[in-house]
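Sequences are here, hints too, so could you generate the full structure?
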Amino acid sequence: MDQADFAGVVMPHLNEAYSLARWLTGSAADADDVVQESLMKAFKHFAGFRGPEARAWLLTIVRRTSFTWLAVNRPRQLVLTDDEAAVEAQNRATVVTLHPKAAETPESLLAEKEAAAQLNAAVEALPAPFREVVVLREIHGLSYKEIADIAEIPVGTVMSRLARARGLLLARLGGSAPREVANGR
Amino acid sequence: MADSAMDCRKASTLLNAYLDGELDLSASLELEAHLAECAACRAERETLSRLGRRLREGLVRHEAPAELRQRLARLTAVPRPAATGRWQRRQFLAMAASVLLAVFASGGTTFLLMRPAPLDPLADEVVASHIRSLMADHLIDIASSDQHTVKPWFDGRLDLAPAVADLKAEGFPLVGGRLDYVDHQPVAAIVYQRGKHLINLFAWPANGPSHAGVRTMTIRGYNLLTWTAGDLTYWAVSDVNPKDLATLQRLIAQNTGATPD
Numbered sequence: 001m002d003q004a005d006f007a008g009v010v011m012p013h014l015n016e017a018y019s020l021a022r023w024l025t026g027s028a029a030d031a032d033d034v035v036q037e038s039l040m041k042a043f044k045h046f047a048g049f050r051g052p053e054a055r056a057w058l059l060t061i062v063r064r065t066s067f068t069w070l071a072v073n074r075p076r077q078l079v080l081t082d083d084e085a086a087v088e089a090q091n092r093a094t095v096v097t098l099h100p101k102a103a104e105t106p107e108s109l110l111a112e113k114e115a116a117a118q119l120n121a122a123v124e125a126l127p128a129p130f131r132e133v134v135v136l137r138e139i140h141g142l143s144y145k146e147i148a149d150i151a152e153i154p155v156g157t158v159m160s161r162l163a164r165a166r167g168l169l170l171a172r173l174g175g176s177a178p179r180e181v182a183n184g185r
Numbered sequence: 186m187a188d189s190a191m192d193c194r195k196a197s198t199l200l201n202a203y204l205d206g207e208l209d210l211s212a213s214l215e216l217e218a219h220l221a222e223c224a225a226c227r228a229e230r231e232t233l234s235r236l237g238r239r240l241r242e243g244l245v246r247h248e249a250p251a252e253l254r255q256r257l258a259r260l261t262a263v264p265r266p267a268a269t270g271r272w273q274r275r276q277f278l279a280m281a282a283s284v285l286l287a288v289f290a291s292g293g294t295t296f297l298l299m300r301p302a303p304l305d306p307l308a309d310e311v312v313a314s315h316i317r318s319l320m321a322d323h324l325i326d327i328a329s330s331d332q333h334t335v336k337p338w339f340d341g342r343l344d345l346a347p348a349v350a351d352l353k354a355e356g357f358p359l360v361g362g363r364l365d366y367v368d369h370q371p372v373a374a375i376v377y378q379r380g381k382h383l384i385n386l387f388a389w390p391a392n393g394p395s396h397a398g399v400r401t402m403t404i405r406g407y408n409l410l411t412w413t414a415g416d417l418t419y420w421a422v423s424d425v426n427p428k429d430l431a432t433l434q435r436l437i438a439q440n441t442g443a444t445p446d
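Protein chains in written order, with our numbering: chain A, 1 to 185; chain B, 186 to 446.
Hints are computed from structural coordinates only; laboratory data are not their basis.
One or more hints might be untrue.
Pulled a few chain A residues facing chain B out of the computed Cβ check, cut under 8 Å [as the list claims (entries may be wrong)]:
{"no.": "1", "residue": "1"}
{"no.": "2", "residue": "4"}
{"no.": "3", "residue": "15"}
{"no.": "4", "residue": "22"}
{"no.": "5", "residue": "49"}
{"no.": "6", "residue": "67"}
{"no.": "7", "residue": "134"}
Ideal placement from N, C-alpha and C gives every residue a C-beta, glycine not left out.
Set out below in C-alpha cells:
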C-alpha cells in the first residue's frame, strides 16, 4: 500500500497497539517505546502490506516487538514458560500484592474498585504466554485463529493456554480453582 | 475429542472453547449432553462465564497518550505536498518570479548573486522537516546540552551514533535531539542554537553515491549544508547565515572526527 494511506489504514488501531504493548511490557514508558518502534516498522514495510487485516497485522508486529524489547531491556522480567510448576511458584510469590490498600470510599464503590484492581492485577501477574492469550481474547476480542496467528502458536495451544490461564485467574481471584468451586457448591 | 462418555476433565477444557464460541458442532452437542447430566460442570460453566464477563468488562483498555500519537503522526507524515504545500510552493514561485522581474526591471545584478534553489527533493524534505520541527512544538525528544546524553540516546533508538558535540563555548550550544523521518527512514535530528536561531542537524546512514566534500544550498530562505562522513550523511539546516553553518560544520568535524569524505 501507499505510505500516504498509512494514517487512514494503520493509525486507527493505535490505541489497541498501545494497549497490547502496555499489557505485554507492564509499563507505560516501555509501551511508548515499543509502540513507536512497531509503528515505524509498520510504516517502513507498509508498501509490502496487502491487507485487509491491518489490525491483526499491526498487533502481530507489536507483539513481536514487545517480546524482543523485553528480551533486550528487561531480561529478568520476561518469563516465557507455560510450565505449570513455575507458574504456581510465581503465583505464590506475588499473591500478597493482590490486595490493594483500602481507600476511604463508600463500601460498595470500594468493593467494586477493589475487585477491578484485583482482576487487573491478577492478569498482570500471569506469565507472559498466558497473559497474552487472555488479553488478545478478552480485550481485543480476537478469534482463536487470529490469536494463533499473532502469537505464532497452534490453535490447540491457544485453547489449552486460555483454559489454563482462566483456571489460574479463578484460583487467584476466587481462592479456588474452578473444579473445586464446582465441587464445593 | 468425541468419546461417547465425556469425563469432567475433558468437559472442563472444552468449556472454554464452548463459551468462546470456538467449539465445533459435534463437540458442542456432546458437551451439552454432558452438562445436562453433570451439576458440577454446569456450575463450572457459570463460574467461567462470570469470569469471562468480568474480564471483558473490567480489564483496562489503555489509550495511547496524546504525545505519542502526535509524535507518530509526525514521524509517519508523508512528505508529499498536500494542498497547502502546493499552495505554498505556488506562492513561492510567484514570489521568485516577481523577484526576477524586479532584477530585470532594475537592470541590477545583485539579486542574481543569490544561489538558485537546486532541484533536490531531498534538500526540500530536509527544509520541510526543519520547518515542521519549529512549528509542531516538537523540536526535541530529549532535552540535554550534554553530548554524552544525546549521543547514546540515538544509539539505543536508531542503531546509529551520529556526531554530537557540545559547542557552547564556540557559540553553538547543544539543545537536544529527536527522532525524525526523512528520505523514507527514521533519522537522528540534533538541535543546536545560534543566538536566537535554531539549527537542525540531521543524520542517517549514507546510501548511494555521495558527494565528496561539503555542499551548500539555499532553499526557501533556509541555508543548507550537507556532507558525508564515514557511513553517515549529515544535513544542517537553519535560517542562520551560511558562514555560521559552515563554522558549525567545521567545529563538529574538529570535535568529533566526522570530517567530510
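Here is how each hint holds up against the structure:
no. : hint : verdict
1   : 1    : violated (12 Å)
2   : 4    : holds (5 Å)
3   : 15   : holds (5 Å)
4   : 22   : holds (4 Å)
5   : 49   : violated (13 Å)
6   : 67   : violated (18 Å)
7   : 134  : holds (7 Å)
The structure fails to meet hints 1, 5 and 6 from the earlier list, while all remaining hints are met.
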